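Colleague: Now for the letters of each chain:
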Amino acid sequence: MVFAHTSWRDIQLDLPADWELFRMVWKQDRWRCSFTDRYHQRVDMRWRKLRYAPNLGKMLERHQEKEQKEKTVELAGQPEGWKGALRKVEGGWVVNAGRFFEGPKLLVEMIIVWPGARDQRLENSILRSVRPLDIADGMRCWQAMGMKVHMGAEYDIIEYKVEPGRTEWVFGREKKRGARVAVERIAMPGYWLKGTIKDWLRSKAEGWKMLDEWQGEVSGHEAAGLKAYSQGLLVDSLLLKKRVKSEVAWLCDKEQRVYRISCTATQRSKKDVAVPENIEVLCCQRPPIGKED
Amino acid sequence: MAKKINSLAAQDILKAVPFVNDKAKLDVRSNGTAVASIPLRKPGWVDGPLGWLLPYSSHRRIELDRLGMAVIGLCDGERQVEGVIEEFARRHLLSWRESQVCVMQFMRQVVERGLVVIVGLSPNDTSERK
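Here the protein sequences line up with chains F and C, keeping their order. Residues in the first sequence are numbered consecutively from 200, following this note's numbering. Residues in the second sequence are numbered consecutively from 141, following this note's numbering.
Pulled out of the complex, with its shape left as it was, chain C reads as follows (with noise of 0.2 Å):
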């Protein structure tokens, strides 16, 4: 059976805003890098004899250089995706594009381990963003 994807258009992830994960801790260190610990959910075998045997870690931690850093700070809970490529470009002189590349490939990194969360309309959803 052939499944209908929902694809998102670059407007959409563009005016879509991200938001750091709460529960996530960030270690900063003085020369700017970070580690970032996010809780991870206890699955059900740790509190079995297999939890004994195998190692569990509660967190994932992610390493940051500076850069990294920099665009977490831009993601204030009110910034779009699009406003953060263009504060990024601001900074480092970056044309859009090469903004857009260095954001979008750390931000994929960052959602895909739970350490941001980018919040938008649905495909469909056509009404505007209060």
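This is chain F alone, in the form it adopts within the complex (with noise of 0.2 Å):
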């Protein structure tokens, strides 16, 4: 079974590569990622951080209680540090567990569904491989939708888009300090790319006006990049304030998808981008195929 690696903010995992995320939920500290296979939901994993560790043993219990305790079951088997309960459904199963981090002080909540029979198995290699993102280096990882960001740790994804064929992730620093970083990945060039990444690019920054623009390589593609700066909003005109970007484009052939880093800032200088120096997009990944191998 192929397996694809997911790592969302706090918490990564790794699920079959046919699971696919398809859901991202966050309100302050509460983060929710839901996967899906063709047909089903079939997992959804909620965590959020703790002052002190919980109990469990306490949780599990009022959860029986909710569900009635003769339709569910104390989960066995499953791996070190993971308590939880499996649940008969009509035509399937549902397995809930939960687990404390001591370290980040992170409770994971999962719930994973089972259409038809019940793969201990892998459910186990699902839950053996949560863990906690090791965010030591200042370095945080995002990588899910086919994008994979290492982002610095000071900016939080505050939106993302999902449309067909484009996946945007847009990040930011607490209180909107500095600038905000948009990453884009765009599939399908083939169809709508019409000329070269520089006019491309060019077309994004109509009524911005130009202060630089260049051309050059990102991971061995040909990229192109520009400054632009706009008038912004009436309240940034009158504090003297100016909208800036930067901006980043290039090809991928392995993937076939165009991918665009996107740094926009209101500041008084159009000059200077506070363009983040810790942010890499890795490409070049295994291109997507329809059925799993």
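By construction, these hints were calculated from the structure, which means they are not laboratory data. A quick note: this is a predicted structure, and the numbers were derived from the prediction, not measured. There could be a bad hint or two in this list.
Unchecked claim - These stretches of chain C come out as covered by chain F in the derived footprint (C-beta under 8 Å, 3 or more residues): (1) 149-163; (2) 225-238.
Claimed, not checked - Just a few of them, taken from the derived set where beta-carbon distance is under 8 Å, the chain C residues facing chain F: (3) W185; (4) I202; (5) R206; (6) V241; (7) Q245.
Stated by the list, open to error - Here are the in silico distance ranges between beta carbons for each label pair: (8) C:G172 <-> F:D452: 21 to 31 Å; (9) C:Q245 <-> F:C483: 25 to 35 Å; (10) F:Q240 <-> C:K182: 42 to 52 Å; (11) C:R230 <-> F:V272: 40 to 50 Å; (12) C:Q249 <-> F:G431: 27 to 37 Å; (13) F:G291 <-> C:V259: 24 to 34 Å; (14) F:V224 <-> C:R230: 25 to 35 Å.
The beta carbon of each residue, even a glycine, is placed where N, CA and C say it ideally should be.
Grab the two chains, each in its own frame, and use the hints to assemble them into the complex.
Modeller: Set out below in structure tokens:
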């Protein structure tokens, strides 16, 4: 079985390659990622930071009471640290499991759905793969939906968009300080990319005044970049501020994807865009296939 | 009174077969795009005095881009929706989910406009498709 690695803010895990991330939700310190295969939602993972270690036994008891005790049994044979319950539902099984990671003080709750027969080996391998993300070097890895981004840990995701053939993640720092960084990955360039990457990037900067343009290489691919500014909102003009952006885009032939990194900031000086230095977007990953091998 | 809605599961939709409306006429251009003309049912008022005053089009026209034409080309009356998504993913180097989002969004639009009909088993029917 082919596994795909997902890394999202505090957590990483490995799931079968055809279980794809389809929803990310977050509110304050509570995070949630849901994965689906072709037919069913398979995994729902929630996590949050806690100040103290929770009583997992008590949590499990409460869950069993809520779900009617007679319909659930305590999970057995799971990897160390995990506690949970198994519930028979119409047409399959549902596993609820939780674990508290002492170091980062992270409580992770997993719901794994098994339509038909339950594969305990795979279930255990999934649970074993769930681990906190190491950000000791000040970098955080964001990997999902075919994208892999290394970003300074001071940056957090503030928005994501998934449209046909297009994925975009927007990162920003706390209290909107500094630049807002958008990383975009666009499929099917053979269909929509009419000219060069440079032409396309310029077309995206319509209405902006160009400060600088360059052509070079990113990860061995021909790349184009620009720096531009615009007047921005009226309130910005009154504060003598301008919207400044710095962008770079390249076409990865191996993946057949166009990548674009766009840093936008509102600032007094139009010359120096506060582009974060600690950002790395990795491409040239194995091209996806319609059906798993 | 509460209504019971027969919601289709994802599996039912994926196993259904899309058919292109055989009354639709496709005018394919040299650049791969096309215009589909779908005949509309003539409403009764068209033959009356209202029909002399109000303009009435006998056909609905849909502009199809190259990707749309690629999906229409895959609807051969045999391939299931799942097969269309798979083939679209293979041709455009997409993941299953990326392809599904593209194809399903397009399918929804062309089904609403009557260019494509999706035929499947009823959710209650457990018999196998022959």
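Colleague: Next step is simple, just say for each hint if it's right about the structure.
Modeller: Against the structure, the hints come out as follows:
Remark: the stretch 149-163 of chain C is confirmed as covered by chain F, as 4 of its residues place a Cβ nearer than 8 Å to a Cβ of that chain, reaching the required three. Closer than 8 Å: that is the beta-carbon criterion, and the stretch 225-238 of chain C has 13 residues meeting it against chain F, so the requirement of 3 holds. The interface hint given for C:W185 is broken, as the beta carbon of that residue sits about 39 Å from the closest beta carbon of chain F, more than 8 Å. Look at C:I202: its Cβ only gets to about 17 Å from chain F, farther than 8 Å, so that hint breaks.
Residue-level restraint check for C:R206 holds (minimum Cβ-Cβ distance to chain F is 6 Å; threshold 8 Å). Here the hint on C:V241 is kept, as its CB sits about 5 Å from the closest CB of chain F, short of 8 Å. Checking C:Q245 against chain F by beta carbon gives a least distance of about 6 Å; that is within 8 Å, so the hint holds. At roughly 22 Å, the beta-carbon separation of C:G172 and F:D452 lies within the given 21 to 31 Å, and the hint holds.
Between C:Q245 and F:C483 the beta carbon distance is about 28 Å. The supplied range of 25 to 35 Å therefore holds. The given range of 42 to 52 Å is respected by F:Q240 and C:K182, whose C-beta atoms sit roughly 45 Å from each other. One distance hint, 40 to 50 Å for the beta-carbon pair C:R230 and F:V272, holds here, with the actual separation near 43 Å. For C:Q249 and F:G431, the Cβ-Cβ distance of about 36 Å falls inside the hinted range of 27 to 37 Å, so the restraint holds.
Restraint check, F:G291 to C:V259: a C-beta distance of roughly 28 Å satisfies the suggested window 24 to 34 Å. The given range of 25 to 35 Å is respected by F:V224 and C:R230, whose C-beta atoms sit roughly 31 Å from each other.
Of the numbered hints given earlier, the model fails hints 3 and 4; all others are met.
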